[in-house]
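Chemist: Take the sequences, apply the hints, and build the full model.
Chains as they are written, first to last, in our numbering: chain A, 27 to 285; chain B, 31 to 337; chain C, 1049 to 1344.
If you are wondering where the hints come from, they were derived from the structure by calculation, not from laboratory data. One or more hints might be untrue.
Said to hold, decoys possible - From the derived model, a few chain C residues whose C-beta atoms are all more than 10 Å from chain B:
#  : residue
1  : 1053
2  : 1058
3  : 1144
4  : 1146
5  : 1147
6  : 1155
7  : 1161
8  : 1169
9  : 1185
10 : 1211
11 : 1297
12 : 1312
13 : 1329
Unchecked claim - Partial selection, computed: residues in chain C whose CB lies under 8 Å from chain B:
#  : residue
14 : 1156
15 : 1213
16 : 1214
Please read these numbers as outputs of a predicted model, since none were measured by experiment. Positions of the beta carbon are idealized from the N, C-alpha and C atoms, including for glycine.
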Amino acid sequence: MIPALELRSVGHRYGALPALDSVSFSVATGARHALIGPNGAGKSTLFAAIAGTLRVRTGSILLHGRDVTARSEAARCRMGLVRTFQHSSVFLQQSVLDNVVLAAQRSSGLALRPLPSARRFAEVRDDAAEQLDAVGLCGRASARAADLSHGERRQLEVAMVLACKPDVVLFDEPTAGMSPAETESFSNLIRALPPQLTVLVIEHDLDVVFALSSSVTVLHLGKVLAAGAPAQVQADPAVQAAYLGTGEQEELFMAEDLT
Amino acid sequence: MITLRRVAVVLVLAGLPLVLTSYQASTAGRLLAFAVLALSVDLLAGITGLPTLGQAAYFGVGAYAAALTGIHLSTNGPLQLVIAVAAGALSAAATGWVAVRTGGTVFLMLTLAIGELVQQVASRWSYVGGSNGLAGMPALQLGGHTVTLPGVIYWYLLVVFLVIYAVVRVLVSSPFGRTLRGIRDNEPRMRALGYRPAAAKYAAYAAAGGVAAAGGAMWVTEARFVSPSDLGFEVAALALLAVVIGGAGTLWGPCLGAAIVLLTRDYLPGITGGHGPLLLGALFVLTVYVLPRGLAGTVRRRAAVAS
Amino acid sequence: MTGWLDANFVTVLNGVSLGMVLFIVAVGFSLVFGMMGVLNLAHGALFLTGAYVGAEVLGAGTPSIGAFAVALALAAALGVGSGAVLAGMMRPLAARGHLDQALLTLGVALVVGEALTTAFGADVHSVGAPRGLDGSVSLLGHDYPVYRLAVIGVGVVLVFGVHATLVRTQLGAIVRASVADREMVRAAGIDVRLVHLGVFAFASVLACVGGLLAAPILGAEPGLDDQVLLLALVVVVVGGLGSVRGALAGALLIGQVQVLGVSLLPNYASYLLFGAMAFVLVLRPDGLVRTAAVTR
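Modeler: Here it is in structure tokens:
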């Protein structure tokens, strides 16, 4: 089985500063994979590398077995790899529906179509409305994106991502800034995603990570520290030491948020 | 879409020659040509988010192409127009690929340079008359009839204007138009959604070049003379000012702005004793401070989200 | 090669002296654009103001060194004053973004240009080189005007001066950091407004004084502001934003292309400039701006 996403010895330096050092892991199709690690571990850099906004100097990134290391962000998206933004990046002045329509029309091949076609466009619009429905925003379709709450904007991001018809979805700290209620409904949203979709999440909220993910990779100082099933990683003493030093290790996986 | 307001506007515009003098009708014709130029600037600046100071170059290309066609090939108005549009789109395609990799003020800077360079080419090329310009364009012919009455020429130009306006409107409402507005509003997000902004911008740039050239053909149909000063920095600045005053992105606002700007430059000095560019500069400064969204933008401020 | 150089020696040197004039004008323009993201379209108008100072104070004959000093001081004062006024006018627009600021400078350029034409008329004003610098000197068998060599000299001094300031002083460090990452400098708590004002004023002084220094070479006439602005733009495109070395390399290149182009291929000079710009942009497909912070 070809993994949906595979990283082989990916490395990157910012000048003299090594941000990523020979990072390798793979994500199986349909997996819910989490990428965690203390601050400064290199998660953002790795995320940018996978998404394509950063070109890495060494190593390779494979999407469904195809080497995408040299491909642009837009090319990777067209190949099925879609990402969300940590600081919600939507089209603020446009309506919620129009936001999703923009995402959906590209995957329907209408991006450069200069003539309005009522029929094809109606299909795109219906598709967009469906995605909004799936994330629970159908009541807000005509609202301006700028008027949405933080949680709602995250939902919109998911709708836009789904409208791209992705195979692999990258979530960049999706629950950052969310209230417990919003986090809960967001987790349900992730749980409801189609099983054939591969999901990779960078998260700080370890509760979410261990509740949702089927496999975890821990990053520390730019290197892979541990990888495997959540329970395995939870129990790994090296991981606990990385997060807390050699102090109160039992406190690590309590109910409180770590941030 | 046929609305009462639009029908009313068209009727008023069509009725103008009946109440204006010959000279005023000629001026109205030029205003229509300039409005088309402003439309092309709005397509780039207001819709795609690429403010430009280079559209006058393609306006000039269209004017020269139409004049050359009129002098050497055919006096048929629509044919001149078609050739002009083709010339404008092609020259925009040839020069725009450099600029569309950039955005914001760098793009503004590049289009300014492109515009200036095209003007220099026009003033040194003897085939098109060099700095003396190109004169001797014969009168407009429509369907075999020579047209010399300013009122009839105006009606022809009005028809052309309405057709071009409709085409641009349709383009802006299409999926391509949405793509352009998406690029304007959040280009990084568009890339993350799989779009190739450079390709879309390039297409928009070529289209805008064609529109500007149509304006140029209209201008020279009226004036029957074109010179390098018709495609220089000042004209480009006027067109951008028209868009800013009228309201970027609204299409009709810049057309109105075009009328205001041209009348300010050409009529106001008659009343205030000269100094057209000074008044324009002051208008620019004033607009930037007082009307950041332009007239149409301010009118529309509370309107529902455009779809 | 040497034969060609010999025949075109004067032209090449003219290219260098024009290049130095362009450097004086463009380095400030580039720093302001790179550091503050502001496209100052009134830069050419400032240049022309300095040129008219030369026309008015020095006249077409051979002015004394004293008169030249007076003109210099006047141009510098005008530069500082205009720079401060322009910066003040742009302050309310700071929140609105760079396009509005660029449009404002465009409006100011139109007003100043027209005001100058009203005051001085549409004719070309010649300006004479000051006594002591008005002769020729023999170089490699050719007679060459001393004044142009002096301008080259001023350019060289400026290059070293700006470079030393950027590299050796704290102020220079702030400027370089701002060009690299404007947001970061602000986030670091450094009050950049004063630095911005200073750089802007410096750029304005350079533009105005540059116009004065160039007056014995280029004269003063309407339209010169647009020409100089265009050349400065091309220099900045070719040399890169916010880079002093780039401004120097670009200026020398463009100066040479412009002079040689006009002398050898007068009909194609414009194509050469455009070609130079296009060539550079092809080599640097990410554009001229190296950080995401500046393009908006």
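Chemist: For every hint, state whether the structure bears it out.
Modeler: Hint-by-hint comparison with the structure:
1. Listed as a non-interface residue, residue 1053/C keeps its Cβ farther than 10 Å from every Cβ of chain B; the least gap is roughly 27 Å.
2. Under the 10 Å C-beta cut-off, the non-interface status given to residue 1058/C relative to chain B holds; the minimum distance is some 23 Å.
3. Here residue 1144/C does not stay apart from chain B, with its beta-carbon only about 6 Å from theirs, under the 10 Å limit.
4. Under the 10 Å C-beta cut-off, the non-interface status given to residue 1146/C relative to chain B is violated; the minimum distance is some 5 Å.
5. Interface exclusion of residue 1147/C from chain B breaks down, the closest Cβ pair being 5 Å apart, not more than 10 Å.
6. Taking the minimum C-beta to C-beta distance to chain B, about 3 Å, the non-interface status of residue 1155/C is violated against the 10 Å cut.
7. The non-interface label for residue 1161/C is inconsistent with chain B: the shortest C-beta to C-beta separation is roughly 7 Å, within 10 Å.
8. The Cβ of residue 1169/C lies farther than 10 Å from every Cβ of chain B, with a closest approach of about 13 Å, so its non-interface assignment holds.
9. With a cut of 10 Å on Cβ distances, residue 1185/C stays outside the contact zone with chain B, its closest approach being about 34 Å.
10. Even its closest Cβ contact with chain B, about 24 Å, leaves residue 1211/C beyond 10 Å, as expected for a residue assigned away from the interface.
11. Non-interface call for residue 1297/C relative to chain B: holds, since the shortest CB-CB distance, roughly 18 Å, exceeds 10 Å.
12. Distance to chain B confirms residue 1312/C as a non-interface residue, since its nearest Cβ pair spans about 14 Å, more than 10 Å.
13. With a closest Cβ-Cβ approach of about 5 Å to chain B, residue 1329/C is found to fall inside the 10 Å limit, against its non-interface label.
14. The restraint placing residue 1156/C at the interface with chain B holds, with a minimum CB-CB distance near 7 Å, inside the 8 Å limit.
15. The interface hint given for residue 1213/C is broken, as the beta carbon of that residue sits about 25 Å from the closest beta carbon of chain B, more than 8 Å.
16. A distance limit of 8 Å between C-beta atoms decides the matter here; for residue 1214/C the minimum to chain B is near 22 Å, and the interface restraint is violated.
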